[in-house]
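> What follows is each chain in one-letter form.
Number of protein chains: 2
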Amino acid sequence: MVRKFRVGNPIETDSVVKDIEITNGEIPYFKADASSKSLFIELDQEDKVFGLGETIRGMNKRGWIYTSNNADDPNHTEDKRSLYASQNFFVITSKSRTLGVYIDTPGTVTFDIGYSKFNELTISFEDYDFDIYIIEGPFEGEEKEVKGVVKEFRSIIGRSYIPPRWAFGYGQSRWSYFTADEVREVADKYDEAGIPLDMIYLDIDYMERYKDFTVDDKAFPDFKEFVSEMKNRGIHLVPIIDAGVKIEDGYDVYEEGVEKDYFVKKEDGERLVAAVWPGRVHFPDFLNDEARAWFGNKYKVLLDQGIDGFWNDMNEPAIFYTEDHLKEVFDKIEDYKDKNLDINSFFAFKDLVGSIDNNEADYKRFYHEYKGQKIRHDKVHNLFGYNMTRAAGEAFERLSPDERILMFSRSSYIGMHRYGGIWCGDNKSWWSHLLLNIQQMPALSMCGFLYSGADVGGFGADTTEDLLLRWIAFGIFTPLFRNHSAMGTRKQELYRFESVDKFKKLVELRYALLPYLYSEFMKAALRDEMLFAPLSFEYDDERSGEVEDQLLLGESIMLAPVYKQNETGRYVYLPEDMKMIRFRAYDDYDEEVLSADDHYVKADLGEVLVFVRKGHVLPLAKPENRTDKVSADSLKYICYEADSDNYELYTDDGISRIK
Amino acid sequence: MVRKFRVGNPIETDSVVKDIEITNGEIPYFKADASSKSLFIELDQEDKVFGLGETIRGMNKRGWIYTSNNADDPNHTEDKRSLYASQNFFVITSKSRTLGVYIDTPGTVTFDIGYSKFNELTISFEDYDFDIYIIEGPFEGEEKEVKGVVKEFRSIIGRSYIPPRWAFGYGQSRWSYFTADEVREVADKYDEAGIPLDMIYLDIDYMERYKDFTVDDKAFPDFKEFVSEMKNRGIHLVPIIDAGVKIEDGYDVYEEGVEKDYFVKKEDGERLVAAVWPGRVHFPDFLNDEARAWFGNKYKVLLDQGIDGFWNDMNEPAIFYTEDHLKEVFDKIEDYKDKNLDINSFFAFKDLVGSIDNNEADYKRFYHEYKGQKIRHDKVHNLFGYNMTRAAGEAFERLSPDERILMFSRSSYIGMHRYGGIWCGDNKSWWSHLLLNIQQMPALSMCGFLYSGADVGGFGADTTEDLLLRWIAFGIFTPLFRNHSAMGTRKQELYRFESVDKFKKLVELRYALLPYLYSEFMKAALRDEMLFAPLSFEYDDERSGEVEDQLLLGESIMLAPVYKQNETGRYVYLPEDMKMIRFRAYDDYDEEVLSADDHYVKADLGEVLVFVRKGHVLPLAKPENRTDKVSADSLKYICYEADSDNYELYTDDGISRIK
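Residue numbers (UniProt numbering), protein chains in the order written: chain A, 1 to 659; chain B, 1 to 659.
Just so you know, not all the hints are guaranteed correct.
Claimed, not checked - Below, simulated DSS-like cross-link-like pairs (lysine-lysine); rule was C-alpha separation at most 30 Å, straight line:
id	chain 1	residue 1	chain 2	residue 2
1	A	K614	B	K602
2	B	K622	A	K147
3	B	K332	A	K332
4	A	K371	A	K523
As the list claims (entries may be wrong) - To be clear about the criterion: a stretch of chain B counts as covered by chain A if any three or more of its residues have a C-beta under 8 Å from a C-beta of chain A, and this derived list gives those stretches:
id	stretch
5	70-83
6	425-433
To be verified - Computed beta-carbon distance windows for the label pairs:
id	chain 1	residue 1	chain 2	residue 2	range
7	A	D338	B	G372	33 to 43 Å
8	A	K231	B	A348	35 to 45 Å
9	A	E323	B	K224	56 to 66 Å
10	A	N24	B	D588	47 to 57 Å
11	B	S345	A	R496	25 to 35 Å
12	A	D338	B	N344	23 to 33 Å
Note that these hints are calculated values from the structure, not bench results. What you are looking at is a predicted structure, and each value in this text was computed from that prediction instead of being measured. For every residue, glycine included, the Cβ atom is placed at its ideal position computed from N, Cα and C.
Next up, chain A with everything else stripped away, as it sits in the complex (with noise of 0.2 Å):
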């Protein structure tokens, strides 16, 4: 049962399709303030939260502050609360009760799930406006209610983005391919080493001075030709798409966007002047159909290219610096300057600079016009990248409407799920981000955002052979299975490292699993399921509901990756009998059934732990080195207690679209 209430005056961000007619009266189970634009509810000791999407720390989201803001912050450690996306849906759940929480509005809200009292969750909004949709059981059909929760959340928000089948191989990227040539080595050597591979992620360097839906022919010469040639190989090229339109005569999409006015203004109606990669640029208004339904088109650009696959970038959006507070730093520091600067002076002297990106004022400066309305753009602002990626994915269907078109975005808002999936943003090398990206697989899998993974090996920050090691072997579980990083940082392609084999036996672990995994993603697709779940999605006991280190992948298996420097094992929990099975290769393995109970389980580098759930059935395929010459035919099937006939595959061509 969803019920759905409305505070205020909010304003609509089209995240729920269906069409739900407003409750009166109290908001169940809250308590509504008002002046302090907060609601309240009391915890208790037992009940879990998960949900929020991707957001920092645990899978149980007890104990922080998590801020609805969608930023644009490489630093992605504890005591963050905000990162690129606002996904307002989470569930409370306890053996005595489990409820579905799905906050609806644009603008800032704040999650402190028992950090300022232990026993109370408070959601406070920087504008009471707000739709509240309050789902509870029971579901038919459904054993745990918290699927049941989910499964009728998803029901209401419509159906998640699916992505050609040749998105699920493998894929390298690095910020700093700046020629085809380097991209045709990365090609050449990935079939040298014999790792599969599918994509080849296209960063900014592709593009003419960082002018969306240009390529830079003296880097990239004849593109059209060269995506020809690598699809030849079985390869697709992947290029960003950044938020911003670079301020450049000449440049038809700025051009354009001036003449018909499709940029966003500031209130004297000026348009915006910010700056990202290409230096000054105009932003797009993506929340205005007709802007959105142009820039949509621009993708055109690339598709009659050949290219089919895409990442919406910057879209927060990220800004650099606007032209007028950098006029106003400027300014300031004239204040500054041949005086002798106390030391609170030396500190706003800093912090004046420092603050320059990503200014909270600059995001005031703007506006949109949406449904009719002119909005400041901090009202709306978590709206930004969703619609972003919705004028490609709209696009898309009027583009290319027999075959799906590969997409993902870094900045999103539950809405955003229809139109493409997301990956996690610019992680960093560290082995707390491969938990982190663990954790955040559940969650975002509550939200409907199923083709999703991280940045496999770190972004930011030097990679480490080891932990390249154990994040490629947990990559190989995710849709969204990308190796990308920052220039300036370690290069991190697999084949320039010792463990060559080990990787390359990973990727093709990868490549053997694809019948499941598709299959997987497509009911959880289909269906409005979890793809990724906590253990205590599952089962029912007290130990499940405090695994943040484990979890369950489609019908059949559970994962627990190793994820910590210098160790050669971990411990593991088995709510339920299963069987390990510890690869080494697709074709290489000990299985052993383990009992219902605590592990210490060995698994060195290169080695990967599957455990099949008891009355499941894990299918692999013989791998190949692209995902379209993979066969669901002649499969091995891993069974436990179940034989073949009780796995359901699924099957399609991998690209016409499902209406």
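Following the hints, position chain B against chain A.
Chain B only, in chain A's frame:
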């Protein structure tokens, strides 16, 4: 056996006190390459590398690069290479070999421990001038060679600093106790809550305009009387001393320093003008014997007012800016102003301002008079904090010949361990920093820094109540046991939280453990032994070598702290049968003998697990609200296949200097 080899002409550090003849010839085990200024040694797969004192990452240092280059960096994330200390001693140990290595040189040294290549350890030098000590067994009477190596190393660097016994009490600190009344309130609230307390720390706020050896007599009127009032309550006030001396006419320390020419100077002979908390400062030349003696004598100002403990801060030295560099920055900003900044210029501008503090070039702007030579600072950088603390320690021997004075420092180098302890710098309220605290303790023991600990609860960022509970539950075992937090963060005095009763019981347990903690500390100090040790320093089995979140404390116990949010238990590995004590309070606990095996054990918030080793004894006193009331008479003994006679209790008056 210790052998000393010399390469080039190293600058003397005074870290080794034993006279050891230089062995001529090749350095054994290592390949030395003068052209790359590096030493190489191959690592076996089974080799663990322990040591390096205060660094990031795990107990086993394999898989990262560590650079000895003392740094004031408050973001102790996994990718950092330098923290506040340079403690260049490590052991390589496996079943087949154990080798101790100490690199003695005051400049920058980089340890690549299996980062670039899995099985190679590379030591690289900025200047190829160093002493290297190679330490090997066999050692008579030591069953574990690694313990022998450490003991041998410790015997050549001199006895570890011994604080007064009251310094083993609990201390409360916060950057922002602005007045005597605020300090009184802290004491009152602790007493009202019945939580034991021995120390309140005074951060920079107690000083008059941040001038060393002054007291703000408006905020802290009649300081001597206040110190006495607090001491009568059994509470020691422990003020901070910073490295920089404020430039201010009429300020005696400044004027004397100028007159006697004790401040560091630039190449042109002008005194360096840097800025730290007081604004513009000069740095005393702590490396100059006379200046060091002079600065040390200044502590008398506070000793005379009844102060008997200090902490030395900002002594890397931290530099917010130098006057010269700030001028350069403002000049360069002129170039950026009014120009249409392209994006690279914008980043250059941001970086220009962002890198003002602790700027690399600034450390090459000034010189020391050291052992009769004029030496540029960067060549002896890592000795600066060491010699500031040595200034204090040497002075205390003169000024307080009979009684011990509490002293610990932020920056350090081996050798400084004779004059004071360290705290682990400006950590954060992160769960990962609780684990880091656990992992750092054994490495600090190895390097002789016995009186050490981290800021419990975390210095920067907002703590959570559960993090503070878990951190206190570990902090009760560290010699330095201080709750410290930064201005602007959530206040974390224990009486502010819902769980005040749990906090009380935890701190009481500390006081009950005092006879054990003090005995073990003193034995470790007097016998050059480990206080905290990794499991593999005692146990030979393979698993023990990988345990990164348990540690031995003294002869009797093993600790296994819970360090993860929302978990009410943890796994523990027992290399032998042990008696597990689950304390809820010093006088309320379960005990259970657990077999040598893996176990999952419950430990709810407020509970503490202690594992008593077979044949060993844990004495417990009746706790009191001050250490001086805790008696070592009529102890209670928790024994596991031992009786109380098996425990060697160390007692003394807790204050007299030990010759």
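> Take the hints in turn and mark each one as holding or not.
Here is what the structure says about each hint:
1. A:K614 x B:K602: 28 Å, holds
2. B:K622 x A:K147: 52 Å, violated
3. B:K332 x A:K332: 16 Å, holds
4. A:K371 x A:K523: 34 Å, violated
5. 70-83: holds (count 4)
6. 425-433: holds (count 5)
7. A:D338 x B:G372: 33 to 43 Å: 41 Å, holds
8. A:K231 x B:A348: 35 to 45 Å: Holds - the Cβ-Cβ distance for K231 of chain A and A348 of chain B, about 39 Å, lies within 35 to 45 Å.
9. A:E323 x B:K224: 56 to 66 Å: 58 Å, holds
10. A:N24 x B:D588: 47 to 57 Å: Since the Cβ atoms of N24 of chain A and D588 of chain B sit about 53 Å apart, the hinted range of 47 to 57 Å holds.
11. B:S345 x A:R496: 25 to 35 Å: 33 Å, holds
12. A:D338 x B:N344: 23 to 33 Å: Roughly 27 Å apart at Cβ, these two residues keep to the hinted range, so it holds.
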